[in-house]
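Colleague: Next come the chains, spelled out residue by residue.
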Amino acid sequence: MTTAEELPINVNGDVVLVRQRVRTVAVNVGLSLVDQTKVVTAASELARNALVYAGGGQVRVEVVHNGVRQGLRMTFSDNGPGIPDIEQALTDGWTTGNGLGLGLSGSRRLVDEFALESTPGEGTLITVTKWAR
Amino acid sequence: MERVPILKLGDILIVSIQIDLQDMSVLALQEDLSERVVATGARGVIIDITAVEIVDSFIGRMLATIAAISRMLDAETIVVGMRPAVAITLVELGLSLGGVRTALNLEKGVALLNQIENQTPTATW
Chain R
1 MTTAEELPIN VNGDVVLVRQ RVRTVAVNVG LSLVDQTKVV TAASELARNA
51 LVYAGGGQVR VEVVHNGVRQ GLRMTFSDNG PGIPDIEQAL TDGWTTGNGL
101 GLGLSGSRRL VDEFALESTP GEGTLITVTK WAR
Chain P
1001 MERVPILKLG DILIVSIQID LQDMSVLALQ EDLSERVVAT GARGVIIDIT
1051 AVEIVDSFIG RMLATIAAIS RMLDAETIVV GMRPAVAITL VELGLSLGGV
1101 RTALNLEKGV ALLNQIENQT PTATW
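Protein chains in written order, with my numbering: chain R, 1 to 133; chain P, 1001 to 1125.
The following block holds chain P by itself, in its conformation from the complex:
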């Protein structure tokens, strides 16, 4: 099974998926990322799927799960680089990835993380 490398840049973790993901690699990535978020205290995770040719319901669910886990560990997840054909297919499949933030490319993803960081959250209770 191939593992997806996780790169650290400042307080951001960057994952660029360059392989044709099999389910086991997807699950390993989920665990590896959660551990790295805690170990590094990262405030953001960027998942680059520029090279990913298809996102099926399993991979889509993995992206949503990673976003949810990271949020619980105090980090935001941004998925960047989705191909237009992948977006069309995902919506038709019935997966809109509601809880996942996206940006068109890595640069915009980093900008979005900085923007989130600068927003002061206001308590509602």
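Only chain R is shown next, with the shape it has when bound in the complex:
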């Protein structure tokens, strides 16, 4: 069974809705309480990033399989300014806004797989996956 859904990230309240939806899927996939908390926190960071730095975007939340393992995958996409230096953007404490610079680097530590593609002037695509143990 493949389930996937797209959620918009256009206003502040959408970040809360994304968190709630990701929590529900994380429970269904069988993630432990700690892993649920980690993946929901990563969802919150990445959704806020899309809103603050790109002016909005969307996330695709889906259940993925690897043999008998189930996982939760989130794909955040936006048409914002993009990230010129990805390595720098993944450094703790680096920020162009007034945040703490932990959104990207911290989210990467909270998930099992993390991929970031970005084209300056076109947008950013971030794919993260958390597998049930």
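Just so you know, these hints were derived from the structure itself, not from any lab.
Glycine residues also receive a C-beta, built at the ideal position from the N, C-alpha and C atoms.
It is possible that part of the hints are untrue.
[Unchecked claim] Which residues of chain P face chain R? A partial, calculated answer using Cβ under 7 angstroms:
#	residue
1	S1016
2	D1020
3	D1023
4	M1024
5	D1032
6	S1057
7	A1085
8	I1088
9	T1089
10	E1092
11	L1093
12	G1094
[To be verified] For each label pair, taking beta carbons as the anchor points, the in silico distance ranges come out as:
#	chain 1	residue 1	chain 2	residue 2	range
13	R	T3	P	G1098	37 to 45 angstroms
14	R	P84	P	E1117	49 to 57 angstroms
15	R	E122	P	S1096	31 to 39 angstroms
16	R	L17	P	E1117	38 to 46 angstroms
17	R	N79	P	D1011	48 to 56 angstroms
18	P	P1084	R	H65	25 to 33 angstroms
19	R	V63	P	E1117	50 to 58 angstroms
20	P	N1118	R	G55	47 to 55 angstroms
21	R	G55	P	Q1030	21 to 29 angstroms
22	P	E1092	R	D85	18 to 26 angstroms
[Claimed, not checked] These stretches of chain R come out as covered by chain P in the derived footprint (C-beta under 8 angstroms, 3 or more residues):
#	stretch
23	8 to 16
24	70 to 84
Since the structure of chain R is provided, determine the placement of chain P on it from the hints.
Modeller: Leaving out everything else, chain P in the frame of chain R:
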């Protein structure tokens, strides 16, 4: 936008976060609390996060900011009731909330405030 209520008990302000916080509510709480600390002359602020399922970097920073503002307004802030999964996630995220005092529950938070109150500060200059 939902606002978080602030309760007064003696000279302590108690905030129990029972909603899924959106960023605007977080900023409103910061302002409301600063005003109430001054208006009531409270010596302590307790923020109960027992019901909070996640603390991301924005909410974490809000807790640290509230603690710093209260300290400037002569009040101590204690965060109580953090869930174990939230603590694990915060540390992994890279946020250790260094400047924020914590206690396991409301009762211990009140005890900690009383203990701080009874310590006589000694000047170092």
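Colleague: Give a verdict on every hint.
Modeller: Going through the hints against the structure:
1. S1016: For S1016 (chain P), the interface hint is violated, since the closest Cβ of chain R sits about 18 angstroms away, which is over 7 angstroms.
2. D1020: holds, 5 angstroms
3. D1023: holds, 5 angstroms
4. M1024: It holds, given that the least Cβ distance between M1024 (chain P) and chain R is near 6 angstroms, below 7 angstroms.
5. D1032: Interface hint status for D1032 (chain P): violated (18 angstroms vs cutoff 7 angstroms).
6. S1057: Because about 4 angstroms separates S1057 (chain P) from the closest Cβ in chain R, which is inside the 7 angstroms limit, the hint holds.
7. A1085: Hint on A1085 (chain P): holds, closest Cβ of chain R at ~4 angstroms, below 7 angstroms.
8. I1088: holds, 5 angstroms
9. T1089: holds, 5 angstroms
10. E1092: OK, holds: E1092 (chain P) within 7 angstroms of chain R, min 5 angstroms.
11. L1093: holds, 4 angstroms
12. G1094: holds, 5 angstroms
13. R:T3 with P:G1098: 37 to 45 angstroms: Holds - the Cβ-Cβ distance for T3 (chain R) and G1098 (chain P), about 41 angstroms, lies within 37 to 45 angstroms.
14. R:P84 with P:E1117: 49 to 57 angstroms: holds, 51 angstroms
15. R:E122 with P:S1096: 31 to 39 angstroms: Cβ of E122 (chain R) to Cβ of S1096 (chain P): about 36 angstroms, so the range 31 to 39 angstroms holds.
16. R:L17 with P:E1117: 38 to 46 angstroms: holds, 42 angstroms
17. R:N79 with P:D1011: 48 to 56 angstroms: Distance hint for N79 (chain R), D1011 (chain P) holds at roughly 52 angstroms.
18. P:P1084 with R:H65: 25 to 33 angstroms: holds, 29 angstroms
19. R:V63 with P:E1117: 50 to 58 angstroms: holds, 52 angstroms
20. P:N1118 with R:G55: 47 to 55 angstroms: holds, 51 angstroms
21. R:G55 with P:Q1030: 21 to 29 angstroms: Because 24 angstroms falls inside the window, the suggested range holds.
22. P:E1092 with R:D85: 18 to 26 angstroms: holds, 24 angstroms
23. 8 to 16: holds (count 4)
24. 70 to 84: Violated, because only 0 residues of the stretch 70 to 84 of chain R bring their Cβ atoms closer than 8 angstroms to Cβ atoms of chain P.
Violation of the numbered hints given earlier is confined to hints 1, 5, 24; the remaining hints are satisfied by the structure.
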